[in-house]
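**Student:** Here is what each chain is made of, one letter per residue.
2 protein chains.
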Amino acid sequence: MPVLELSAASPRDSTPRYVGVTKLFALLLGAEHYKTEVVESEKVSTSFFKVGDSKVELLEASDPQSPIAKFIEKRGEGIHHLAFEVADIKASMKKLKEEGFTLLNEEPKTGADNKLVCFLHPKHTTGVLVELCQDIK
Amino acid sequence: MPVLELSAASPRDSTPRYVGVTKLFALLLGAEHYKTEVVESEKVSTSFFKVGDSKVELLEASDPQSPIAKFIEKRGEGIHHLAFEVADIKASMKKLKEEGFTLLNEEPKTGADNKLVCFLHPKHTTGVLVELCQDIK
Numbered sequence: 001m002p003v004l005e006l007s008a009a010s011p012r013d014s015t016p017r018y019v020g021v022t023k024l025f026a027l028l029l030g031a032e033h034y035k036t037e038v039v040e041s042e043k044v045s046t047s048f049f050k051v052g053d054s055k056v057e058l059l060e061a062s063d064p065q066s067p068i069a070k071f072i073e074k075r076g077e078g079i080h081h082l083a084f085e086v087a088d089i090k091a092s093m094k095k096l097k098e099e100g101f102t103l104l105n106e107e108p109k110t111g112a113d114n115k116l117v118c119f120l121h122p123k124h125t126t127g128v129l130v131e132l133c134q135d136i137k
Numbered sequence: 001m002p003v004l005e006l007s008a009a010s011p012r013d014s015t016p017r018y019v020g021v022t023k024l025f026a027l028l029l030g031a032e033h034y035k036t037e038v039v040e041s042e043k044v045s046t047s048f049f050k051v052g053d054s055k056v057e058l059l060e061a062s063d064p065q066s067p068i069a070k071f072i073e074k075r076g077e078g079i080h081h082l083a084f085e086v087a088d089i090k091a092s093m094k095k096l097k098e099e100g101f102t103l104l105n106e107e108p109k110t111g112a113d114n115k116l117v118c119f120l121h122p123k124h125t126t127g128v129l130v131e132l133c134q135d136i137k
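Residue numbers (the working numbering), protein chains in the order written: chain A, 1 to 137; chain B, 1 to 137.
Derived from the structure by calculation, the hints contain no laboratory data. There may be inaccurate statements among the hints.
Since the list gives no way to pick one copy over another, a pair counts as held whenever it fits inside one copy or between any two copies.
Stated by the list, open to error - Calculated lysine to aspartate or glutamate pairs in the EDC-like style (CA-CA distance at most 16 Å, straight line):
(1) Lys23 - Glu98
(2) Lys50 - Glu85
(3) Lys95 - Glu106
(4) Lys50 - Glu40
(5) Lys94 - Glu73
(6) Lys109 - Asp135
(7) Lys35 - Glu73
(8) Lys115 - Glu131
Just so it is clear, the structure is predicted and the values come from calculations on it, not from any experiment.
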């Protein structure tokens with residue numbers, strides 16, 4: 001079953017605001033984040049909240065060169081991307097490419113939470129940055 | 001249990017791109033949207049996709065004065081807001097106000113999908129527009 005994952009971006013130096021949204025999600029969901037993880041390759045710190053069978057992931061840039069820092073510079077803080085779990089990421093990538101969507105990486109790469117991931121270019125997705133992800137077995 | 005709802009905004013006149021994201025979600029989720037609804041008070045057309053126990057809602061402005069049209073004018077197309085289902089919206093609004101969050105409406109208003117809703121000001125939520133919602137019984 002596809003699982004929705006929602007990621008919100010926060011800059012490195014905005015601890016009070018980051019705490020704001022962390023506190024908000026904990027209040028709304030009745031639980032603190034259940035895990036934190038640093039993805040060195042993407043220069044990002046993450047924390048995860050469970051919401052039913054979906055999850056919300058908070059992203060914080062750990063370096064000014066991080067894609068998250070660049071996103072915030074361009075668009076401001078806010079919701080970053082939307083992830084869908086797929087059974088076979090290579091098959092989904094091939095199918096979506098055939099349908100006219102643009103892949104941001106031609107091969108799956110390793111993301112947070114033990115997943116292979118691929119992003120789609122937002123120019124064909126109404127500006128919504130969409131990530132496909134598949135558990136690494 | 002709180003349910004995540006993710007809303008993406010699309011302008012009225014961008015049918016090809018709107019079809020793009022509609023097609024993408026149908027491909028990823030293996031099903032078309034299960035419902036459409038017009039919310040006259042917000043001047044918006046909506047369509048809903050199921051994702052596990054959460055849902056993705058697509059929003060399209062039906063009038064240039066719609067809050068969605070204004071959002072797109074300011075920030076461009078993309079993910080609009082994140083909704084959390086709560087058991088008692090008035091109690092949640094009171095608690096969040098006491099915690100220092102700012103409500104965009106002091107009384108719950110009627111939203112899509114038979115819900116009472118209240119939005120929080122993004123200045124205290126790391127730029128993430130958050131909606132509380134509760135089923136109207």
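**Student:** Against each hint, give a clear statement of whether it holds in the structure.
**Tutor:** How the hints compare with the structure:
1. Lys23 - Glu98: between (42 Å within a copy, 13 Å between copies)
2. Lys50 - Glu85: Classified as both; 15 Å inside a copy, 13 Å across copies.
3. Lys95 - Glu106: Close inside one copy (13 Å), not across copies (46 Å); limit 16 Å.
4. Lys50 - Glu40: Result: close neither inside a copy nor across copies, 23 Å intra and 33 Å inter.
5. Lys94 - Glu73: neither (32 Å within a copy, 34 Å between copies)
6. Lys109 - Asp135: Within one copy only: 12 Å inside a chain, 40 Å across chains, cut-off 16 Å.
7. Lys35 - Glu73: For Lys35 and Glu73, neither the intra-copy (27 Å) nor the inter-copy (37 Å) Cα distance is at most 16 Å.
8. Lys115 - Glu131: Classified as within; 11 Å inside a copy, 29 Å across copies.
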